[in-house]
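J.: Next come the chains, spelled out residue by residue.
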Amino acid sequence: MKILVLVKQVPDTATQVKIGANPKAIDTAGITWIVSPYDEFAVEEALRIKEKRGQADVVAVTLGPDRAKEALRSCLAMGCDRAIHLNDPAWAEADTLATAKALAAVVKQESPELVLTGRQAIDDDMGAVPAQVAELLGWPCAYWIMEEAVDGDGKTARTGRQVEGGLEIFDVPLPAVLSAQKGLNEPRYPTLKGIMGAKKKEIKDVKAGDLGLGAETPQLSVVALEALPPRPPGRIIQGDVPTAVKELVRSLREDAKAI
Amino acid sequence: MANAFWCVVEDDRKGAPKKVMAEVIGEAARLSGGEVEAVWLTDKATDEGVKQLGEWGARKVWLLENAAFAPYRAEVWAPAIAELAKAQSPRAILAPVTSRQRELMARLAARLDVGLAADCMGLAMEGDRLIATRPVYAGKLLAKMAWAKTPWLATLRPNVFKPADAVPGRAAAVERPTASLPAAALKLVERREEVSTGLPELTEAEIVLSGGRGMKGPENYVILEELGGVIGAAVGASRAAVDAGWRPHRFQIGQTGRTISPKLYMGFGVSGAIQHLAGMRTSKVIVAINKDPEAPIFKIADYGIVADLFEVVPALTQEFKRLLEK
Ligand SMILES: Cc1cc2nc3c(=O)[nH]c(=O)nc-3n(C[C@H](O)[C@H](O)[C@H](O)COP(=O)(O)OP(=O)(O)OC[C@H]3O[C@@H](n4cnc5c(N)ncnc54)[C@H](O)[C@@H]3O)c2cc1C
Ligand SMILES: Nc1ncnc2c1ncn2[C@@H]1O[C@H](COP(=O)(O)O)[C@@H](O)[C@H]1O
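Residue numbers (my numbering), protein chains in the order written: chain A, 416 to 674; chain B, 151 to 476.
Pulled out of the complex, with its shape left as it was, chain A reads as follows (with noise of 0.2 Å):
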C-alpha cells in the first residue's frame, strides 16, 4: 500500500510572527520552522498503517522553498521512506488552490491509495487543501478524522470524523484524502536512528514543468497584513473574593454589558 502524507512548514507556535518590508509577508529573520502539528498527525497514521500491514510505502509530500526541506527531514527521522519536494518558484504566490493543483499532480504521478493531511496548516489556517486535492482529483475525502481503520484489503478506511454534536463513522472507499484532527493519535519523536538514517533516504525534487504546470494566478491573494487592534488595558480587581467577585459582576453587567 502506498500512502502519501502531505506536510506543510510553518513558523512554531511559539514564535512571534512580525511583518516584514514587504506587508504582505512576515519578516521570516530569526523563525524556527516546524512541521505543521496536524501534518504530524497525519504522519504518525500513516506509519501505524504500514506497522499494522507489515508494508507500505510512506511518502512526505511538501511544497515549499528551500527551507522546507528540514520538514521533510524531521518526517523521514519519524518513520518516512521517501519525501518529495515541490519547489519552483512559480509557486511563491501560490494560494491553496494553486497548492491543490501542485500537489493533486503528484498524487496522480504517485497513485497511492491513500493521501493523508492535517486539518489545517497553522500559518494561513485555511483548512481547505485536503478537500481540494480531493475535488481536483474525484476523490472522497473526511474532514477531522480522529479514528481510522483500514481493511485487510486496503479497499476502504473505517473512519470517525468529527462535526458539530458528535462523531460520525464512515466507511470511506480507496483512493481517498483524509485530513487529521487532534486526538487521532500521539505523534512519535524520531530516534537518534531515526535522524542518522534519514540522511540516507531519498528526497526527489519536483519543478511546476515536471509536473505540467506553469505559474498561475493565485485566486485568492494577500493584500497586505496587519497587526491586531490593541486591547484596552485590563483592570485586576482588587479586594477579598466576594467583594471582587461583586465587582466583577457588576462590570459585566453594567460597564462591558456582557451578561
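The hints are simulated quantities; they were obtained by calculation from the structure and are not laboratory data.
Check the hints yourself; a few may be wrong.
Stated by the list, open to error - One side of the interface only, derived from the structure: several residues of chain B facing chain A at Cβ under 7 Å:
1) L336
2) H399
3) A451
Said to hold, decoys possible - Away from chain A, derived, C-beta distances all over 12 Å, residues of chain B:
4) D193
5) F219
6) L234
7) P313
8) V317
9) A321
10) E376
11) T409
The structure displayed is predicted, hence computed values, not measured ones.
Beta carbons are placed, not taken as given, at the ideal position from N, Cα and C, and that holds for glycine.
Use these hints to put chain B with the ligands onto chain A, whose structure you have.
T.: Chain B with the ligands only, in chain A's frame:
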C-alpha cells in the same frame, strides 16, 4: 440574480437553520444592499425554517430537498451547489465556519476554480471588490485578502458579525431547482452523539468558561458546569486539561483545538499560553481568574481577579443567580 450574495444554510439536522445564519445573512445583506439568497441543502426542510430565513432577510431560498443530502457528504453537496452557482452566477457565496462548511466550501472553490477565504472576521466592499480580513499565524496577525474573480467564497467566524434582525412577515420566494446528484462514496456506519451537557455548543456559545490545569481534576468541572447552567455558557478547557484526560478533545480551546469568539470568555486556572490565546483572543470581553498575578493571561484580560478559583467560582454562581433572578 447575478449580483446576489448567497448564504449556504447550516441547519440543525431537524429542519431549522442554525442561529448563526442570522449573522451570515445579516452580513450578506449589508455587503450587497439586500440582495441576499439562501441555498439550503437538506433531506427535510420545515416551513418554519424557510420562514425564518425570509424573516432574517433572504429574498429567495434555493431549496434542494432530497434524501441524498443526509448525512452530509461533500462529494454529493459540492456538485449540487456548483451546478446551481454556474447557472445563477451569484456574486459571493458565504457560509458559517463549521466542520462541514470548512470542507464543503473548499471543495466548491476548487470546483468553481475560485478563491476561498476561510474563517473571516471582517468583510468589506472596497469599490467593486470584496476584501476579507482573517486571522493568520494562529491569530497573531490579520491578513487582508482579495479574490481574483467572482464568486467570492468565504466562511464567517461565528459571533463576530452582527446578526440580522428578524422582520416578522418578511418572506422569501422559494425555488426548488433540480440537481443532478452524484452517487455518494462515503457510507455512514454509525453516529455517536455526544452526551449532551445541556449547555450550548462551544463554538456557538455567547459565553464560554474555560478550565485549565488549575481545575486540579476532572471531578471539579461540575462547578463550571453549574455556573454555565446559570448564565447559559459553554464549558471548554485548555490543552493541559485535555491532555491530562480531564475533558474530551472537543472541548479544547486553542491552536490545536477549537477557535472561539464569544462575547464573554472567562478563564479559570488557565495560564494563557500563546497556543491557548490563539483560540480565544478575539473574544469580546476576557476575564481571568488565576492565583498567580504574573500569569500571562492577565495581559490580555479586560478584568482579572487574583485568587483561588475554588473560592471564586461558587461566589460567582451565587452572584449571577442573584442578578438574573432580579
Ligand atoms: C504545538 C502546540 C499546540 C498547542 N495547542 C494548544 C491548544 O490548542 N490549547 C491550549 O490550551 N494549549 C495548547 N498548547 C499548550 C500550551 O502551550 C500550554 O501548555 C497550555 O495551554 C497550558 O494549559 P493551562 O493554562 O491549563 O496550564 P498551566 O500553564 O499549567 O497553567 C495553570 C494555571 O492555573 C493557575 N492555578 C492553579 N491552581 C489554581 C487555583 N486553585 N486557582 C486559580 N488559579 C490556579 C496557575 O497559576 C497557572 O497559571 C499547545 C502547545 C504546543 C507546543
Ligand atoms: N504547501 C503545502 N505542502 C504540502 N502540504 C500542504 C501544503 N499546504 C497545505 N498542505 C496540507 O493541507 C493541510 C491543510 O492546509 P491549509 O488548507 O493550508 O490549512 C495541511 O495540514 C497539509 O497537510
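J.: Look at each hint and say if it fits the structure.
T.: Checked hints:
1. L336: Hint holds; L336 of chain B Cβ to chain A Cβ min 5 Å, cut 7 Å.
2. H399: 4 Å, holds
3. A451: 5 Å, holds
4. D193: 15 Å, holds
5. F219: Label holds. Min Cβ-Cβ 14 Å, cutoff 12 Å.
6. L234: The claim stands: L234 of chain B keeps its Cβ more than 12 Å from every Cβ of chain A (closest is about 17 Å).
7. P313: 16 Å, holds
8. V317: Given a closest Cβ separation of 24 Å, the condition holds.
9. A321: At about 28 Å from chain A, A321 of chain B clears the 12 Å cut-off, so the statement holds.
10. E376: E376 of chain B clear of chain A: closest Cβ-Cβ about 15 Å, beyond 12 Å.
11. T409: Answer for T409 of chain B: violated, closest chain A Cβ roughly 8 Å.
The earlier numbered hint that this structure contradicts is number 11, and it is the only one.
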